[in-house]
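Please arrange chain B on chain A, whose structure you already have, making use of the hints.
Here is how the chains run, residue by residue.
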Amino acid sequence: MSLVVRQPGLLSLIQDRGRFGQHAIGLTNGGPLDPEAFDICQQLLGNRPDCTAIETSFGGLELEARVDTFICVTGASMPLAINGREKPLWTVHSVLAGDQISLGYAAEGCRSYLGVADGFVITPQFGSAATVVREKIGGINGNKLAPGDVLPCDATSLRRELHLHPDYQPRYHNRVTVGVIPGYQQSHFSRLQQRRFFSHAYSVSQRCDRMGYRLEGPAIECDINGILSEGICFGAIQIPADGQPIVLLNDRQTIGGYPKIGAALSLDAARLAQLQPGGVVNFTAITPHRAHNALHLAQARLQRLPLQPLARKSRQ
Amino acid sequence: MLYLGEDSTPELASRVQATATAVRVALGADLVDLVPSYASLLVIYDPLRTDHMSVIKRLHGVLEAAERGVSTPGGREVILPVYYSPETGADLERLAEQSGLSVAEVIALHSDTEYRVYAIGFAPGFAYLGHVDPRIAAPRLATPRQKVPRGSVAIADRQTAVYPAESPGGWNLVGNCPQRLFDPQANPTMPVAVGDRVRFEAISRERFLALGGELP
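Sequences listed follow chains A and B, in order. Position in the first sequence (from 1) plus 38 gives the number in this note's numbering. Position in the second sequence (from 1) plus 2 gives the number in this note's numbering.
The shape of chain A in the complex, shown without the other chains (with noise of 0.2 angstroms):
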């Protein structure tokens, strides 16, 4: 029983809610670069939160059902169709064996999430089946999925069709506000310089992946070149020699010399994921209190998220 992957588009990754407490052996976090549709995806569902999904990115994944579940797509605007049928994203819906279901390509945001009922069964690598192929651990032998890739679930008829109400749905567009705290090397970037990153816009280059995003715009001089290599955490932003900072994100080395100006807010570093090259990007300096606000309230919305049979309206 299981789903197999026809065509794996441009990156499809399993992913479960990622890799913690091994940075001690170099291990990154890898997970989902967009926690929360990840999240509401496992909550229609109805399964725990860390099972295992597929991340796709950009799009163009294509899969066979080799069981009777259900599945759910939520995250970037990638058009689903189940037998050359389009169906709507957040929402549960039911596969039999030998459903086609496809993924198109998004018009809007970066990354989906499929997921099925109960999650896929990959066995765990140091607590995760989340997949960083930097490191070749995690999903299957470490890699993004392949044509003719078996991901075994289980099968199951209890599932309700549930769907978020669109009014619900978080929207993406190509343009974000990046909340970010100060911090690290700040005091070797002159006020000027500081003014000049919070001020401008920048856009996301042809270079942005699960290990970072790296932005092109006004360059920021730092008066240091190089640090003794110290901890990164997520949503850390490195400011290289050329000037323009990169978005460390969910892939990300654990330890490096760059200097930085700040850390993102998770929450934000997660839309900025959603961006695709050309995307656009504005720093906004925040404290560490709204920065735990912002992580509080948006906790208690997804506990809140309205979740409700979708209206059957007659089969076409």
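Hints in this document: simulated from the structure, not taken from any laboratory. Just so you know, even glycine gets a beta-carbon here, dropped at the ideal spot from N, CA and C. A hint or two may mislead.
Which residues of chain A face chain B? A partial, calculated answer using Cβ under 7 angstroms [unchecked claim]:
#1 63
#2 64
#3 65
#4 163
#5 268
#6 326
#7 337
Below 30 angstroms or equal to it, Euclidean Cα-Cα: the simulated DSSO-like pairs (lysine-lysine) are [said to hold, decoys possible]:
#8 A:182 - B:149
#9 B:149 - A:174
#10 A:125 - A:182
This is chain B only, laid out in the frame that chain A set:
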């Protein structure tokens, strides 16, 4: 992020280690992960379980206790075999030439030093060891190699390391260590931890091959 100093000395590394141990106890289940490095300790906590004010308060407690004196754990001693040669260390002869030493002297200087594991990161199992004798210290290559073989022993400035897996890399290669530095299947996954003391033992080509070493 806790900064405990600004340079890289064994004493400071011991303080980082002792602080990491104390932070682990002080934060308990609120702690997500710790990244100790040369002079700093990155503390990652769960913001939905606690808040930064509580964490800062507890970290101050840890630092005050540390100032009152904490024993410095010495770490374990680990010996790693290395086959130093031009065939496993593409930069060995160039390093000798640049430093005005013979290849044998470079090998002797690299293997006679006791190193300390200052940090682990960058890639799974990549341990930063310090400090290399200044006579054989060398800057990173201007253009990193696309492929550095697994086990390569390398120097960058006054740091040295063993590449735990084949990867791109810009450090100067001097030899190869046949012992796996990172094996997801093994327990423990890594033979070294931060704070351990590492010595390299020069071995022959025959011994290298007998230990499972692979020539490029």
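Hint-by-hint comparison with the structure:
| no. | hint | in the structure |
| --- | --- | --- |
| 1 | 63 | 5 angstroms, holds |
| 2 | 64 | 5 angstroms, holds |
| 3 | 65 | 5 angstroms, holds |
| 4 | 163 | 6 angstroms, holds |
| 5 | 268 | 4 angstroms, holds |
| 6 | 326 | 5 angstroms, holds |
| 7 | 337 | 6 angstroms, holds |
| 8 | A:182 - B:149 | 21 angstroms, holds |
| 9 | B:149 - A:174 | 16 angstroms, holds |
| 10 | A:125 - A:182 | 26 angstroms, holds |
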